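Dock chain B against the given chain A, drawing on the hints supplied.
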Amino acid sequence: MAEEEEVRGEEGAAGGRGRREVGGEDREGEAELVEGRGRQRGRGRHGAAGRRGRRGGGRAGAGLGAAVDEAGEEARQPVCGARIHARPRPARAQKSPSCFPTPQHRLLPRPTMLLRSIHTAVTRSDLAHFASILPPSAILSTLHAPHDLTQYNNDWMGKYRGASTTVLKPKSTDQVSQILKWCNHRRIPVVPQGGNTGLVGGSVPTRDELILSLSNMSKIRSFDPVSGVLVADAGCILQSLTDHVAPHNHVMPIDLGAKGSCQIGGNVATNAGGLRLLRYGSLHGTVLGLEVVLPDGTILDQLSTLRKDNTGTSYSTLQTPSHPVPGYDLKQLFIGAEGTLGVITGVSILTPPAPQASNNVILALPSFKNVLPLYQIVKRQLSEILSAFEYIDRTAYDLAVKHGQGRALSDEEVQGAQCFVLVETSGGRREHDAEKLSDLLENLLSADEPLITNGVMSQSPAQFSSLWALREGVTEAVSKEGKPYKYDISVPLTTFQDVVDNTREHLGSKGLLGDDAVKHVLGYGHVGDGNLHLNVVAAAYTPEIQAALEPYIYEVVASHRGSISAEHGIGAMKTHALRYSKSDVSIALMKKIKDVFDPNGIMNPGKVLE
Amino acid sequence: MRPSAVRLLNILVPVKRAVDYSVKIRVNPQQTGVDLNVKHSMNPFDEIGVEEAVRLRERHKDQVKSIKAVTIGPPKAIEILRSALAMGADSSIHVEIPENSPALEPLAVAKTLREIIKRQKEGVDVVILGKQAIDDDLGVTGQMLAGLLGWSQATFASKVEIDHAKKEALVTREIDGGGEEVRCRLPVIITTDLRLNEPRYASLPNIMKAKKKPVEKFTPEDLGIDYTPRLETLKVTEPPKRVGGSKVANVDELVTKLKEAGITVA
Chain A
1 MAEEEEVRGE
11 EGAAGGRGRR
21 EVGGEDREGE
31 AELVEGRGRQ
41 RGRGRHGAAG
51 RRGRRGGGRA
61 GAGLGAAVDE
71 AGEEARQPVC
81 GARIHARPRP
91 ARAQKSPSCF
101 PTPQHRLLPR
111 PTMLLRSIHT
121 AVTRSDLAHF
131 ASILPPSAIL
141 STLHAPHDLT
151 QYNNDWMGKY
161 RGASTTVLKP
171 KSTDQVSQIL
181 KWCNHRRIPV
191 VPQGGNTGLV
201 GGSVPTRDEL
211 ILSLSNMSKI
221 RSFDPVSGVL
231 VADAGCILQS
241 LTDHVAPHNH
251 VMPIDLGAKG
261 SCQIGGNVAT
271 NAGGLRLLRY
281 GSLHGTVLGL
291 EVVLPDGTIL
301 DQLSTLRKDN
311 TGTSYSTLQT
321 PSHPVPGYDL
331 KQLFIGAEGT
341 LGVITGVSIL
351 TPPAPQASNN
361 VILALPSFKN
371 VLPLYQIVKR
381 QLSEILSAFE
391 YIDRTAYDLA
401 VKHGQGRALS
411 DEEVQGAQCF
421 VLVETSGGRR
431 EHDAEKLSDL
441 LENLLSADEP
451 LITNGVMSQS
461 PAQFSSLWAL
471 REGVTEAVSK
481 EGKPYKYDIS
491 VPLTTFQDVV
501 DNTREHLGSK
511 GLLGDDAVKH
521 VLGYGHVGDG
531 NLHLNVVAAA
541 YTPEIQAALE
551 PYIYEVVASH
561 RGSISAEHGI
571 GAMKTHALRY
581 SKSDVSIALM
591 KKIKDVFDPN
601 GIMNPGKVLE
Chain B
1 MRPSAVRLLN
11 ILVPVKRAVD
21 YSVKIRVNPQ
31 QTGVDLNVKH
41 SMNPFDEIGV
51 EEAVRLRERH
61 KDQVKSIKAV
71 TIGPPKAIEI
81 LRSALAMGAD
91 SSIHVEIPEN
101 SPALEPLAVA
111 KTLREIIKRQ
121 KEGVDVVILG
131 KQAIDDDLGV
141 TGQMLAGLLG
151 WSQATFASKV
161 EIDHAKKEAL
171 VTREIDGGGE
181 EVRCRLPVII
191 TTDLRLNEPR
201 YASLPNIMKA
211 KKKPVEKFTP
221 EDLGIDYTPR
231 LETLKVTEPP
241 KRVGGSKVAN
251 VDELVTKLKE
261 AGITVA
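Protein sequences, first through last, are from chains A and B. Numbering follows the working numbering, in which position 364 of the first sequence is assigned residue number 364; successive positions increment by one, without gaps. Numbering follows the working numbering, in which position 243 of the second sequence is assigned residue number 243; successive positions increment by one, without gaps.
The reader is advised that the hints may include incorrect statements.
As the list claims (entries may be wrong) - Once the Cα atoms are required to be at most 27 Å apart in a straight line, the calculated DSS-like pairs of lysine-lysine come out as: (1) 76/B with 39/B; (2) 211/B with 379/A; (3) 480/A with 402/A; (4) 111/B with 76/B; (5) 118/B with 61/B; (6) 436/A with 39/B; (7) 121/B with 211/B; (8) 247/B with 235/B; (9) 217/B with 39/B; (10) 219/A with 24/B; (11) 167/B with 171/A; (12) 582/A with 519/A; (13) 171/A with 181/A; (14) 213/B with 61/B; (15) 483/A with 402/A; (16) 241/B with 219/A; (17) 436/A with 247/B; (18) 436/A with 166/B; (19) 159/B with 402/A; (20) 65/B with 211/B; (21) 241/B with 379/A; (22) 76/B with 118/B; (23) 510/A with 486/A; (24) 159/B with 65/B; (25) 436/A with 483/A; (26) 111/B with 247/B; (27) 111/B with 436/A; (28) 247/B with 257/B; (29) 510/A with 181/A; (30) 480/A with 436/A; (31) 118/B with 436/A; (32) 24/B with 159/B; (33) 209/B with 121/B; (34) 76/B with 159/B; (35) 24/B with 166/B; (36) 247/B with 219/A; (37) 591/A with 181/A; (38) 76/B with 212/B; (39) 209/B with 436/A.
If you are wondering where the hints come from, they were derived from the structure by calculation, not from laboratory data. Quick caveat, the model's predicted, so the values are computed rather than measured.
The shape of chain B in the complex, shown without the other chains:
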């Protein structure tokens, strides 16, 4: 009897264009958010996701059929898709939303990804997302997607191993006080944590090749998703400025100052 062909892995890596982590952010004058006229780059956790997908291919070689990067964002977001392609993704999808659209919410993103996965003729076996985006720090998209699809999920991954033959993933998750190993059936949603890997530089030959790799475009209407925000941000303010301390000359002065501040021995 011929062994049934084990299906090759298709990996989907959603990535987000976010304010770069090294930028010193400032609240905008309207106090509705931060000034977005600053440097943007790929969300660091998503970079780790792309790197992990590429490493899976390096480990499993021909068993990984495709690595696809996908982003939902304004026209400029295509830059991060090019970065993902330069790191080793094979093709990409850009769900284009207008410039200056309101910030995306996780449920809408999860629904979009579900729609995209449905449209992948070859199917998707592993979805690797960042555990959270550094602009909103919400950290729920991966989990919502797993819920919508009914797939297994392994979040805050610090180590990923795929057993292709058994169609299982063995993931070590970061938890308070250590790591937890979970074994999941494929298809699986994995969200990356910081210690999973360190993303590589994009090498020049790969950057050149990336220019020729395909970028499939969609609009929200194509997918039938509504991005209207369900949350309203009332106000954004900076934390109160830190007031400097002062040095005291001796214990008596310290006691006086403590008393002045209203701190007394019970």
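Looking at chain A on its own, in the form it has when it is part of the complex:
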């Protein structure tokens, strides 16, 4: 903390502004500095040093407009308890600056960190301006009427809680553009929000940022049944898109447990993976074009090349896989940027043909060690009809059954099973698929050393859904069981179970296992992508458990050269941990790109990058 103050003190007014004009190198240095500080930055923590820092920045930015500062001042009163629990500050913060490894690193905090100090909250005069853009029903603000904004401020798990006063719900791209233009001018930070089903706190404010909900932008713009290209507003719910293309025998290329609530814009912004990644690939491949509103209000329209006419926008079919994008493929930046570079308002996505025949089986394995060899055999024998290969350990299965997520297997079928695998096949011809599946199962059961003890196969669409529910329902079951700490990590397949067991042991060694602390440690995930969801279910979120888990888990992942976020995104949860998976060079570049798109740092501050 000491360094922060002295550094700020040095600069004074000119320094503040000057820094913003300084070129790239500073920022690289800052990257190192920020990492060294660990998790404290931009966290909404209202410790004394933090506040001093902000005020210092405010004075520095006086040249920009004192009115802005004053207006913002009252709204910046600390909202105590804005977080459920404070993160413990790492001891490293007390190191002196001379400990930094390379000489060219400056000791200056990043401009955007300072910019946070000149961010303002929404005021009534802002509301008046919004009223000229939006109808009254699209403005929910506690500044002028009592509203319960809990569903917008809190995440799905109840782990991350914001304190926003205002939610805007535009209906058109143009409205979004005008809103962002104003917010950029006024330095009002904005959190774009879709279905608010994220698991890393990326969709809710960290403080009192303005919430920009895309829920009212829910029109499906067009669908071409020949090419399968679907163009839709970002606020369309995934399930409704699935229902829209189904009569034309197409399916959405992504499928998640949250499909009834999540919106396609959010899916794209978080580069959601999901259950069908194995088969259809990631959104980086299936999204053909985006319409994005940039932080300054400019509309980046990469959906069509034709101009709007009076009857509406026509969408060219140029956005097809066979026409590669010339120049830099800008849309890839927004896919996975989690709302930090702009607001996605429209998506053009390629929908694959619907499988004519789907089948699934749940296999019971006596030991985790059989999962990998099983996967190899399944891949080889089912080959192109394999569409999902999911792993759930015994604890996860028991929890799903306990909370009524799907019909359980019989006791005889699960006896001695240490874990389960759900295999799904999707193909063009039922008989062909059934034969392949049947041969595979026979081979597995009659092998000299069988990899499976038993299993069940769905005999009807109802059973098909029920078996899937056992896997998809684990998330919900875990939430009903207690407060989950979720780690969505990518580690080599062979180490999955070790990571779970070691985590359990580690918690046990800290005396944190038990009905009143950590009740369960379980793992489940998309084996095909090497993607494990490690869940630690606790009776309550406490700092002790948090401290025991982090950075332990990130270190374990790093030691396996894995990823700390395979598909859930970084959000607010893992900004400090990004360095465990991405090099300093990468992170520095990302920050440069962020500053190019969003020099005022208004887009989803505190998420992804620190």
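Below, chain B alone, put in the same frame as chain A:
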């Protein structure tokens, strides 16, 4: 005196291949029926019937001699017989009718089942059918069969108990407002209702075993049954589309709209 051997139970479970309940059905362009080019599976009530037969065996063990599944349908219908065998039936019968035959009618089905029962050398003690098929929702086959055979019937069963020694079945039937218990002499026709049980998954070992279980084939001519429909469907249409409502701003507007719609206070 040696006690006379109590005959072991033979259970017959007729099953029907019907449009799967999760399919969003559409009326065909000719308006003569629904589009049948969709997923089919075993009628859910029949699944419950197979499950009940298997559970009876689990309860009565060796007293159940055989569980036989039977279906009347096109060649593809053999899939549901395999499902029934995978759930625990011992053998099956397929009365094969040509692909694209007109829909079966309950009386013809009942006559077929009577014929099959006659041909069972070991006899049949319990017939468990679904209360209705989800494609035609007619719900009369079980009752017709009981009438043709002169057997006791207990329909809409939500609980079944067989007293093997007394050769009786005690069945709880679902009726409006509760349940009705009936005691029937064997042989008995039982039709299943939703609450009777929840069908099990087919376990892999059973699926493998099912491949080797016998499927006896018959044609309508073998049994001497005529499937010509006696009913003619004139027209099938979708129900009128639901028109959306609208919100009114205040009571006055509501009153105006009501008046416009012709609703006035008497």
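For each hint, the structure was consulted:
1. Annotation: proposed proximity of residue 76/B to residue 39/B holds, straight-line Cα distance about 12 Å (limit 27 Å).
2. Taking the CA atoms of residue 211/B and residue 379/A, the gap is about 24 Å. The hint holds against a cut of 27 Å.
3. Proximity of residue 480/A to residue 402/A is assessed by CA-CA distance (about 10 Å); at most 27 Å being required, the pair is judged to hold.
4. Of the pairs offered as hints, the one joining residue 111/B and residue 76/B holds, with about 22 Å between alpha carbons and a cut-off of 27 Å not exceeded.
5. Note on residue 118/B and residue 61/B: the hinted pairing holds, with a Cα-Cα distance of about 25 Å set against a maximum of 27 Å.
6. The suggested pairing of residue 436/A with residue 39/B holds, with an alpha-carbon distance near 19 Å, which does not exceed 27 Å.
7. At most 27 Å may separate the alpha-carbon atoms for a hinted pair to count; residue 121/B and residue 211/B meet this at roughly 24 Å.
8. Taking the CA atoms of residue 247/B and residue 235/B, the gap is near 36 Å; set against the 27 Å cutoff, the hint is violated.
9. Between residue 217/B and residue 39/B the CA atoms are separated by roughly 24 Å; this keeps the pair inside 27 Å, and the hint holds.
10. Note on residue 219/A and residue 24/B: the hinted pairing holds, with a Cα-Cα distance of about 23 Å set against a maximum of 27 Å.
11. Among the hinted pairs, residue 167/B with residue 171/A is inconsistent with the structure: their alpha-carbon atoms are about 70 Å apart, more than 27 Å.
12. With a CA separation close to 32 Å, the supplied pair residue 582/A and residue 519/A exceeds the 27 Å bound.
13. Using a Cα cut-off of 27 Å, the hinted pair residue 171/A and residue 181/A holds, with the two alpha carbons roughly 16 Å apart.
14. With a C-alpha separation of about 20 Å, the suggested pairing of residue 213/B with residue 61/B holds against the 27 Å cut-off.
15. With a CA separation close to 16 Å, the supplied pair residue 483/A and residue 402/A stays within the 27 Å bound.
16. The straight-line distance between the Cα atoms of residue 241/B and residue 219/A is roughly 21 Å, inside the 27 Å bound, and the hint therefore holds.
17. For the hint linking residue 436/A to residue 247/B, the alpha-carbon distance of about 55 Å lies beyond 27 Å, and the restraint is violated.
18. Between the alpha carbons of residue 436/A and residue 166/B the distance comes to roughly 49 Å, so the proposed pair goes past 27 Å and is violated.
19. Pair hint residue 159/B plus residue 402/A holds up; C-alpha atoms about 25 Å apart against a cutoff of 27 Å.
20. For the suggested pair residue 65/B and residue 211/B, the alpha carbons sit about 20 Å apart, so the restraint of at most 27 Å is met.
21. At most 27 Å may separate the alpha-carbon atoms for a hinted pair to count; residue 241/B and residue 379/A exceed this at roughly 46 Å.
22. Distance restraint check for residue 76/B and residue 118/B: the Cα-Cα separation of roughly 26 Å lies within the 27 Å cut-off, and the hinted pair is therefore satisfied.
23. For a cut-off of 27 Å, the pair hint linking residue 510/A to residue 486/A stands: about 19 Å separates their Cα positions.
24. With a C-alpha separation of about 21 Å, the suggested pairing of residue 159/B with residue 65/B holds against the 27 Å cut-off.
25. With a CA separation close to 42 Å, the supplied pair residue 436/A and residue 483/A exceeds the 27 Å bound.
26. The suggested pairing of residue 111/B with residue 247/B is violated, with an alpha-carbon distance near 56 Å, which exceeds 27 Å.
27. Distance check on the hinted pair: residue 111/B and residue 436/A sit about 39 Å apart at the alpha-carbon level, beyond 27 Å; violated.
28. Pair hint residue 247/B plus residue 257/B holds up; C-alpha atoms about 11 Å apart against a cutoff of 27 Å.
29. Between residue 510/A and residue 181/A the CA atoms are separated by roughly 51 Å; this puts the pair beyond 27 Å, and the hint is violated.
30. The hinted pair formed by residue 480/A and residue 436/A fails the criterion: a straight-line CA distance of about 38 Å is larger than 27 Å.
31. Taking the CA atoms of residue 118/B and residue 436/A, the gap is near 40 Å; set against the 27 Å cutoff, the hint is violated.
32. Taken as a hint, the residue 24/B and residue 159/B pair is broken in the structure, with Cα atoms around 31 Å apart against an allowance of 27 Å.
33. A hinted pair counts as satisfied when its Cα atoms are at most 27 Å apart, and residue 209/B with residue 121/B qualifies at roughly 25 Å.
34. For the hint linking residue 76/B to residue 159/B, the alpha-carbon distance of about 32 Å lies beyond 27 Å, and the restraint is violated.
35. For the hint linking residue 24/B to residue 166/B, the alpha-carbon distance of about 47 Å lies beyond 27 Å, and the restraint is violated.
36. For a cut-off of 27 Å, the pair hint linking residue 247/B to residue 219/A stands: about 21 Å separates their Cα positions.
37. As the CA atoms of residue 591/A and residue 181/A are separated by approximately 22 Å, the hinted pair is consistent with the 27 Å bound.
38. For the given pair, residue 76/B sits about 18 Å from residue 212/B by alpha-carbon distance, which is consistent with the 27 Å threshold.
39. Distance restraint check for residue 209/B and residue 436/A: the Cα-Cα separation of roughly 17 Å lies within the 27 Å cut-off, and the hinted pair is therefore satisfied.
Violated hints, listed in ascending order, are 8, 11, 12, 17, 18, 21, 25, 26, 27, 29, 30, 31, 32, 34 and 35; each of the other numbered hints is respected by the structure.
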